[in-house]
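Novice: Sequence:
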Amino acid sequence: MQMFRQLAVFGVLACLLLLAPAVRADAYPYPLKSFEFESQRQTLSMAYMDVPAQGQARGVFVLLHGKNFNGAYWGDTMALLAQHGFRVIVPDQIGFGASSMPRRYQYSFAQLAANTRALLDSLGLKGTRVLGHSMGGMLATRYALQYPDAVEQLVLLNPIGLEDWRAMGVPYVAPERIYQAERKKSYASIQAYQQASYYDGKWKDSYTPWARMLAEAYSGERGDAFAWSMALTADMILSQPVVYQFDQLRVPTVLIVGLRDRTAIGRPLVSDELAARMGDYPALTRKLAARIPQLDVITFDGVGHLPHIEAPQRFFGALRSVLEPDA
Numbered sequence: 140m141q142m143f144r145q146l147a148v149f150g151v152l153a154c155l156l157l158l159a160p161a162v163r164a165d166a167y168p169y170p171l172k173s174f175e176f177e178s179q180r181q182t183l184s185m186a187y188m189d190v191p192a193q194g195q196a197r198g199v200f201v202l203l204h205g206k207n208f209n210g211a212y213w214g215d216t217m218a219l220l221a222q223h224g225f226r227v228i229v230p231d232q233i234g235f236g237a238s239s240m241p242r243r244y245q246y247s248f249a250q251l252a253a254n255t256r257a258l259l260d261s262l263g264l265k266g267t268r269v270l271g272h273s274m275g276g277m278l279a280t281r282y283a284l285q286y287p288d289a290v291e292q293l294v295l296l297n298p299i300g301l302e303d304w305r306a307m308g309v310p311y312v313a314p315e316r317i318y319q320a321e322r323k324k325s326y327a328s329i330q331a332y333q334q335a336s337y338y339d340g341k342w343k344d345s346y347t348p349w350a351r352m353l354a355e356a357y358s359g360e361r362g363d364a365f366a367w368s369m370a371l372t373a374d375m376i377l378s379q380p381v382v383y384q385f386d387q388l389r390v391p392t393v394l395i396v397g398l399r400d401r402t403a404i405g406r407p408l409v410s411d412e413l414a415a416r417m418g419d420y421p422a423l424t425r426k427l428a429a430r431i432p433q434l435d436v437i438t439f440d441g442v443g444h445l446p447h448i449e450a451p452q453r454f455f456g457a458l459r460s461v462l463e464p465d466a
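Be aware that the sequence shown starts at 140, since it is given in our numbering, and climbs by one per residue.
Calculated pairs, DSBU-like style, for lysine-lysine (alpha carbon to alpha carbon, straight line, at most 30 Å):
hint, residue 1, residue 2
1, Lys-323, Lys-343
2, Lys-324, Lys-343
3, Lys-341, Lys-324
Treat the hints as calculated values from the structure; they're not laboratory data.
Every value quoted in this text rests on a predicted model; they were computed, and no experiment measured them.
Based on the sequences and whatever the hints tell you, model everything.
Specialist: Shown next as structure tokens:
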């Protein structure tokens, strides 16, 4: 009997660890809510923010975060959209932020899109606008392909996945090896990567919270689970390209790009010659413009992977032009 009690306690603790957030709730700009649902034979919890529209309601925006982030970095964008009359829904995807981080989960963009759709269904929301950044751009694209009747407008902000890195020559690396590299990350290594990759070697105090939040996710009590989620989702990005289906999009789409961006997954694993060709956002933007049927393109010279963090006023000006095209 004592053994059964110990097993029961262990099971409760395991469930609590599954649901415990990797990011503190007070790190988010708005209160977090929780959507519990069944997926792949387990109960999961998706954290999300839900901000009401101000003034005359104009619709709903869903914001999808990138891989090295969670919903918290959308705070100023959420405020702008709410001021323009939009209800704003911002989920942390499963495996990220304050959402569940299951040990065993078949991560796919189709699954994450289905999870997002389930959340919106639970809120009674049918049609929304969708804005995705970085990995969130890949997810937003998959969501629009999977649920075209539920997307009123698609906005892609420096999305990754504009090329197929595996097809270009990035070798397969097993998730276990990626996990080992993830476990070694620290604030210093994260800050150095973001400074070099996102901000052209420069650093401002306004960038620190996002590097610090990521470092705390790795070092916290859920650090091991978070590192494993990061390994599995890195494999998802490399093995599930959306680039071949951009011409199948049937929704009005806006591409917003900081042209200094050179983000490419797997660059350290390839030759210098190939590495130099990867992540050429000016060229990729031109190629994409020729493929998406209903596309408007807005570009920023001298801005990198995170326009809404690095150059918020320029980004907000562009976003206002999307919201008020005739102004």
